[in-house]
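Number of protein chains: 2
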Amino acid sequence: MVHRGGMVIVSNRAPVTFSRSESGERTYSRGAGGLVTALNAVSRRAEGALWIASAASEEDVRVAREPGVCEIEDLRIVLVEHDPSAYDLMYNHLANPLLWFVQHGLYDLPYAPELGGETLRAWEEGYLPTNRNFARATAEALSGLESPVVLLHDYHLYMVPELLREEVGEEPLISFFVHIPWPEPGLWRVLPSYIREGVLRSLLRSDIVAFHTRRYARNFMASAAELLGAEVDPRGGAVRWGGREVWVRSYPISIDPAEFEEAAESPEVLREEEYVRNLPGALLVRVDRADLSKNVVRGFRAYGRMLELHPEMRGRVTFLAQVQPSRGDIPEYAAYAEAIRRSAGEVNEAFGTPSWRPVELSMQDNFPRSVAAYKNYDALLVNAVRDGMNLVAKEAAVVNRKDGVLILSENAGAHEELKDNALSVNPFDLDDQAAAIHRALTMPAAERARRARALREAVLSNTIEDWVAAQMHDMAARRKAFS
Amino acid sequence: MVHRGGMVIVSNRAPVTFSRSESGERTYSRGAGGLVTALNAVSRRAEGALWIASAASEEDVRVAREPGVCEIEDLRIVLVEHDPSAYDLMYNHLANPLLWFVQHGLYDLPYAPELGGETLRAWEEGYLPTNRNFARATAEALSGLESPVVLLHDYHLYMVPELLREEVGEEPLISFFVHIPWPEPGLWRVLPSYIREGVLRSLLRSDIVAFHTRRYARNFMASAAELLGAEVDPRGGAVRWGGREVWVRSYPISIDPAEFEEAAESPEVLREEEYVRNLPGALLVRVDRADLSKNVVRGFRAYGRMLELHPEMRGRVTFLAQVQPSRGDIPEYAAYAEAIRRSAGEVNEAFGTPSWRPVELSMQDNFPRSVAAYKNYDALLVNAVRDGMNLVAKEAAVVNRKDGVLILSENAGAHEELKDNALSVNPFDLDDQAAAIHRALTMPAAERARRARALREAVLSNTIEDWVAAQMHDMAARRKAFS
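Protein sequences, first through last, are from chains X and Z.
Residue numbers for the first sequence follow full-length UniProt numbering, beginning at 1 and rising by one.
Residue numbers for the second sequence follow full-length UniProt numbering, beginning at 1 and rising by one.
The set of hints was computed from the structure by calculation and includes no laboratory data.
Errors might be hidden in some of the hints.
If several chains are the same, the list does not tell them apart, and a pair holds so long as it fits within one copy or across any two.
To be verified - Calculated cross-link-like contacts (lysine to any residue; reagent style SDA-like; alpha-carbon spacing at most 25 angstroms):
#1 K419 with R196
#2 K419 with P113
#3 K419 with A230
#4 K419 with R201
#5 K419 with R132
#6 K402 with S147
Keep in mind the model is a prediction, meaning the values are calculated, not measured.
One chain only, chain X, in its complex shape (with noise of 0.2 angstroms):
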């Protein structure tokens, strides 16, 4: 079913970044990653979506400033100016280290975080007004439409619905998808008051809120019960609010699998192969941004456990570490970046030999080599502390050619759909991972090929095509019951 009314997609990141030629031309280039592959799978479905994003670079402002909808290719974008520091503030003050941190858990509680004024700066001028921008640039977009959808999306934007609804009412069905977990009440207790409860408020101004795993929307409810008092209906999915109900789902994020298939026979990928497979051994993988949440130190640590419990396996694996720099700027981040290349240090001083580096790592963000990675590993690391979903699982599962063991922690969203063929491990058990290492490098064969196919299977039964036609069918049978 394709949409017929007229619909918005909202996110702070927009699908292209336009910049200028030497020769004074305007260029632009089409942006990547997990969230921008998904809203171009959504933009797809929806003819004629307009997609609305935040300006980037000089020469986003310029195209913002412009009057009426920038068309590229098959997309139609409307950029939003904001005041730079108004920006800074809703993006490195409040979104990335203390939302992310929360939602993540990522806090060293008896000491961080050390909320108080900064905190509430940063939410009034910065994330409030960032997200009135928005939320006025959704509203100039819905006048004349009919039947209106607006489809907000992630930790940025948690204010615009209920600005939003301040402007244009009742009208437009809002959808709200949340990209990182949903942390329990608990967690959200750590944000002062007029965040959480604010969050909360604005996020039940939406008709649907949507996230990746059942445990999420679950923990959104118990949120909505325990911080609001508001009336929850676990099993229905949903929670009353204001006069409202809002309606709980979750729709689990995959990936374009033809996207992938399709760079994995790329030259450069062909190319970064000769490396990787010249890498001595069996061949361990992980790829990740260096997060505080994807638990790079303790993924050595667990290696070089089972290198010391496991000497046969000397000079037999070689762990290949592509570990993209994330958030340099914070501190927490530069510490972690540090603590990923002494740890790699440790194991390979321990272990190593002339002959044999035990981990090569490379932080640095090179995507043919990591999808020569995903064609090539014998197994797959993907151990973190918490994450949304981690699309590496997915995209990996699909261009192995190894028959390739997924060693996943049950804190990923993943998790739920893929933990029956996967190696299931305790992110924070350095010997549980170890042992799972160990036992995918020595699986039989037989049993690796059942669960790569099942893996696969699993990956191709849920695309992101799937996943977008999921919510639009939600959305027509809100808009139904509703109506």
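Once you have looked at the hints, place chain Z on chain X.
Relative to the frame of chain X, chain Z by itself:
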């Protein structure tokens, strides 16, 4: 109602500690502390109750090895001897770092804990054997008793219900009281499944599982549902699991007001009052163990923030912090004690004058001075990150003579009962705490008096006797319902 059958109380800590005088005679001292006081009240109520606890001192071990029950004043005691290394594993490797940290949410999860084989060893060679010792001693004590009731206490004994049922079957009524916070399932997931599921399965062999607050009871039911798949009736306070129905209840623990009113008039306290009353200006007080959950560092920093924002308060208030050393052999605690000293020093450095020291930090156990401080505070700061109950808030409210204002963390168990007349604070928000300190110290006399009176009444309306009575009542009801 006095329980007429045989009642057995089991706790790790004993109500008395035995020692040997220089002349070789056996002597003993009665323990203090909230839990022991509470269980003394249970013991008084249930005439002839037997109290089983761990032998701690050398002389305790001798007592444990003598046959029969040891009668001391109004107490009937059986001490259990543990293998010292098993006890050390239970106490110093499993209960106090791991369970305490998880249940209070104190881990810096990107880095700690690093669980593994050592955890399994502490569980199998420490926690299980000591719990088995308790179960056996309890089974022995039960033999021949009619309608026996077993009251198990706290996080050192989680496996006793299961091990005891193995020995004696379904006949005894088992009540298990957890005195520390019960967090949501997400935090329990930090622990290996053999612990988190093992603990839950065992607790669900009890008839009643009890907590200090409704929030903990709710979290327990959510844990049973999510981690075990048990059927839960949150409104009715019941979990159905393994063909049995378990009642889940909350009974906010309290104090014996007479004990504190008496202590308040003791010569030692009167002497300490001279010191306390000579401190310059209004008196802000905190009394805590140096535990990572108590939030001592943020307390000093919030006080410093208040002095920064309200220069007129400088020289007109002293912050007396009685912080008892605790668990100094655990590295995290040693580091925290150092952070406490440093942060107090920073405030004194920034604002102190030759005639005024803003913070008086005493890191010694000085009960008379603490009671003297209780009597004389103008404001009491209880800003715990998380706290099972926090009896300081209740003790102090009863003996304070100054219409002192209670500043209370919304994450302390006491908050459910006392919030209406305390100033609630978010323990992570320095400015919120700074504002509450300022408001407390500048509050009009009439409001202070009204709040102080209401707090005192709230405590007096639910004393330790009421706490015991409520449990006895429910145990009788349970017996009736299932007989």
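Status of each hint after checking the structure:
1. K419 with R196: between (32 angstroms within a copy, 19 angstroms between copies)
2. K419 with P113: between (34 angstroms within a copy, 24 angstroms between copies)
3. K419 with A230: Cα proximity of K419 and A230: across copies only (20 angstroms, versus 33 angstroms in one copy).
4. K419 with R201: between (34 angstroms within a copy, 23 angstroms between copies)
5. K419 with R132: neither (40 angstroms within a copy, 35 angstroms between copies)
6. K402 with S147: This pair counts as neither: shortest intra-copy Cα distance 49 angstroms, inter-copy 64 angstroms.
Figure legend: structure checked against the earlier numbered hints; hints not met, in rising order: 5, 6.
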